[in-house]
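Protein chains: 2
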Amino acid sequence: MSPSHIARCAQLAMMLEVSATPKPGNIDRDHNYCDTRFEHFLASAVGVYPILEKAARSDSGVGELIDLSVTESSKWQRGGNTHFGAFILLIPLVMAGGRCENKRCLKEQVQKIVKETTVEDAVEFYRAFTRARVKVKPVDDLDISDIDSIGKIKAQGLTLFNMMEISGSYDMIAGEWVNGFEKTFECSAMIQNKIRKYGINDAVVLTFMELLSRNNDTFISTKFNVNKAEEVSMRAGKILLKGDMDRIRDEIRQFDEVLLNEGVNPGSTADIIIAGLFVSLFEGMRF
Amino acid sequence: MSPSHIARCAQLAMMLEVSATPKPGNIDRDHNYCDTRFEHFLASAVGVYPILEKAARSDSGVGELIDLSVTESSKWQRGGNTHFGAFILLIPLVMAGGRCENKRCLKEQVQKIVKETTVEDAVEFYRAFTRARVKVKPVDDLDISDIDSIGKIKAQGLTLFNMMEISGSYDMIAGEWVNGFEKTFECSAMIQNKIRKYGINDAVVLTFMELLSRNNDTFISTKFNVNKAEEVSMRAGKILLKGDMDRIRDEIRQFDEVLLNEGVNPGSTADIIIAGLFVSLFEGMRF
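Line by line, the protein sequences are chains R and A. Following my numbering, the numbering of the first sequence begins with 26 at its first residue and continues without gaps. Following my numbering, the numbering of the second sequence begins with 26 at its first residue and continues without gaps.
Hint data in this document are derived by calculation from the structure and do not stem from the laboratory. All of these numbers come straight from a predicted model, not from anything done at the bench. What you were told as hints is all true, and nothing was included just to trick you.
Quick partial rundown of chain A residues pointing at chain R, CB under 8 Å, derived from the structure:
#	residue
1	29
2	40
3	41
4	67
5	68
6	74
7	225
8	226
Capping the alpha-carbon separation at 25 Å, the derived lysine to any residue pairs in SDA-like fashion look like this:
#	chain 1	residue 1	chain 2	residue 2
9	A	248	A	284
10	A	100	R	311
11	A	222	R	57
12	R	219	A	61
13	R	219	A	105
Beta carbons are placed, not taken as given, at the ideal position from N, Cα and C, and that holds for glycine.
The task is simple: from the sequences and hints, build the whole structure.
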């Protein structure tokens, strides 16, 4: 598969995730925040193309590629951080795609790529973090806002994979790196199972709800607390029990209003959906 | 400007046009047809990237590039013809972008490019037409469904520009080729004038309504008749007289329901909007 083809799978994954509606709390085609809008997500996904293509041709440099993605995305839109979490998953996945000789070796390759990351990757990643101005839980004595952190990373010889190991227990995205992209591939299988019956939009919506019901969203637990994240997951699970798609949709809309009012957005779940959509498209899913 | 940058301006133009809502009769983020959906337009815009990039590096081959666009678009989605009219405008515009040394020479260059088209371009264009299965008014004795047409084009030595001259009087898209992309650049100026006050979505919606009120949409007059197209333009003009954006939006929604029920879609106006958005983004518009 050509680097361009792989990069376009990633672009389209970002488009389909942000378009899927209704989704509780997150930006979608029908919901904007004050400063960040649906169109900012489209522009970010369009803008980042050359970095994705570069990633598909790269054997190393995960940290730098994530940093370049953030920079390129922000040149194309003024809505702030749109896809930082998604890039952390997409960059190694796209690189893995570039290494694959057949569609089925993606999982094996992406696991290799994250394990091969270096101290330099960790340093570049920290730069991207600062640039994207993302809310994160400080990792032990490594504080993102602390300029000395880079010194500490170097002194301790931490690779980017090591960094993810430190936060993997409570952070969904870091957890993907550590646990072989388990949720990502699970998510891809769910979407592909549902697409024929439900169509692309509802397949994404239902998978989003299932993921959310099974996992506390990191973005919510960081912005609020773990209890809030648990509460959101429980309600998502209850909504899915309604069975009928029309009723599920109505309930999501009500839930969405509550979350938007409270400023609660399950952003990390959206990142896993993007990664899962990428895998599906890479494996040849069309609609 | 790099070929990749120019190609991305075209991709984003397609995304922003199809997303803009509400628009009377056309697919947007809130309206699908039975077989063609919003997501098909996103996938088409993502998929066509490499052809757009190739166009930005090309000095000739307009007809072939339009044909390649149709082919590549249809590899990424199963919703049928999404962007044929848009490609007829975008391909020469993107090629012109690749030739430009500064942002202001686009108009001059695009006029040159369409005038330089050849008989071969006309032949390739006819192939694309057949592939895209577009409804068109037969051009004199050149019937698209007639395999002999290619022979006739060659015998008469018609270039693609000559072909556009034949249909330029009643076809908005062909008219752009003949009249120096006048409406495209007008449309770009309108969007850029409105974006600060209204934001990107409403700037596109208002420009769409203005264009529609001033011009009979070719897609409507081909599918129905000129009277129908005139009726739609008149109603669009009346809606704009409401002045207040909230009232305009409500009225568009009502108008939209009527047109969707009747299957009336001003597709050619949407194509001009895409071309206008491309020019705006090429000239540096951000949001």
